[in-house]
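**Q** Sequence:
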Amino acid sequence: MSISSLSAAQISALSVTAIQSLSTTTISSFDSTQVAAISATGIGALNSTQVAALSTTQVKALTTTQIPNFSSSITFSSAQLLALSAAQIGVLNGTQASALTTTAIAGFANTQIQALSATNLSALDGTQAAALTTTEIAALTATQVAGLTTTDIAELSAAQVAAFTPAQLSKLGADAAAALSSTQVAGLNDTQVRAFTTTQIGALDSSDVLEFSATQIAALTTTQIRAFSDTDIAALTTTQVHALGATQLQGFSGTVFAALVDTQVAALDATQIGAFAATQISGLSAANLAEFSVANLAALTTGQVRSLTATNLSALADTQVAAFTATQVQSLSATTVSALADTQLGALTTTQIAALNASQVHTLTATNVAALSETQIAAFTATQIQNLSNTAFASFADTQVGALTATQIGALKATQFSSLSATEIGQFTTTQIGALSTTQLKTLTTTTISSLADAQVATLSTAQLQALSITQVAAFSAQQIGDLTTGQIAALTTTQIRGLTSTAVGALVDTQLGALTATQIAAFTATSLSALTDTQIGNLSTT
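The numbering of the sequence shown is numbering that gives the first Met the number 0, which starts it at 0 and goes up by one.
Honestly, the hints are just simulated from the structure, not real lab data.
Check the hints yourself; a few may be wrong.
Said to hold, decoys possible - Across the chosen pairs, the derived CB separations fall in these ranges:
id, residue 1, residue 2, range
1, THR182, THR324, 45 to 51 Å
2, ALA39, SER97, 19 to 25 Å
3, HIS241, THR414, 53 to 59 Å
4, ALA245, PRO165, 20 to 26 Å
5, SER180, GLY345, 50 to 56 Å
6, ALA297, ASN389, 32 to 38 Å
7, ALA365, THR301, 25 to 31 Å
8, SER27, SER77, 16 to 22 Å
Each residue gets a CB set at the ideal place from its N, CA and C atoms; glycine is no exception.
Make the full structure from the sequences, and use the hints.
**A** The following block contains the structure:
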């Protein structure tokens, strides 16, 4: 009886010796049922020559129980491998998987590739891995992708990695994702980059971060950005930093944002700066802020400026402080303004000075005021001058007092004006004297009155002169009286005339005497008249 006519039961009962004695002709004559009937022991007894004789149809007939029982020395041909069903491929053992030919691997259908266990797929060597087509790569299951090791990733080409779908990339282990080379990363598109999980992002080291292009950095989501460590952020190149969008920057935590190094901050443009949250701005180091360009500072919103602390501002150079707009200056807290260094205060422009609000001005200390130039002092508005504390105003140097404008002089509060010394008032210009209100004049002490320069006295208006009390008028020296114009003399009230000392009356010159009215002359006391010489009396008007 021919072996080929044996039933399935008889085939299954064949001994190992009987199986090994089968010729290739006999083996190749088995039908599918007979092939499937060979016992596991019998399968293991087949030698390479016998297995090579199996047709693709016969190979397809092998059961999933038979497949793993082939001897470890057995290797299938590419044709035989390509004939395997997904179920058969799924039961291949490690030795069999490692023997897969590159031709077979490249020729597998997606279902066949997907049937490989994650362990077997990972066990493929570099040559085998290189045979995987991009179509096959894209067909890998989540389990298979998750099983890839760092070694597996290193075996894949950039083109193969680029074939991964976003969903597949998200399944890579953290170590595997971190193992992607710069060439592999460079081949990923924006959608693929956005597929990386926060766990994968968190596993990246500084060198991995550098592999992202500017375009890829810009494609990352806010959630991904938040997953970067401080070290990762500090590793970004200036080009990468410049590629970050407003939403991404806002996603930085305070500590991560503070991790930016000076050169990175310097790479930010005005639009990026303007996107920062107030807490991020206040979290910047002194070195970071020192790198802000004038344009970047000008881009800060009022909310951002308001968040700047005294420590933040102390890091700014004078030129940076001078770059703030008037609106930005008004946004600074009063405490922050008073904490500015002398050179920073001295760098404020007149526009910035005029923009200071009431609270900011009132908080200025004597030390702050001392740092201001005469030009800056003159830039204060009348309202700002009034908002200066008495202590701050009283600390004005003589040159600063001399810089006050007529409008500022006229706006001084009584407490401020009274803090001026006789020396300071004595240095007022005639314009400043002319700006004094009658109320201010009435507060001048006799010492201050007597110290007024001749030109200052001569510039007093009729209203100012008439506002002086009899005691103040009596404080005029003979020299000061002699410098009064005829118009001023004629404006003196009878009460003031009566207050003139004999010395002052005796100092009146002919033209002044001639300007006196009959009413004024009648107001002279007997003592005052006795001080006049015959010549002076002769010059008195008779009308």
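**Q** State for each hint whether it applies.
**A** Status of each hint after checking the structure:
1. THR182 x THR324: 45 to 51 Å: Taking Cβ atoms as reference, THR182 and THR324 lie about 47 Å apart, which means the hint holds.
2. ALA39 x SER97: 19 to 25 Å: Distance hint for ALA39, SER97 holds at roughly 21 Å.
3. HIS241 x THR414: 53 to 59 Å: holds (55 Å)
4. ALA245 x PRO165: 20 to 26 Å: holds (24 Å)
5. SER180 x GLY345: 50 to 56 Å: About 55 Å separates the Cβ atoms of SER180 and GLY345, which means 50 to 56 Å holds.
6. ALA297 x ASN389: 32 to 38 Å: holds (35 Å)
7. ALA365 x THR301: 25 to 31 Å: About 29 Å separates the Cβ atoms of ALA365 and THR301, which means 25 to 31 Å holds.
8. SER27 x SER77: 16 to 22 Å: holds (18 Å)
Checked against the numbered hints listed earlier, the structure breaks none of them; every hint is satisfied.
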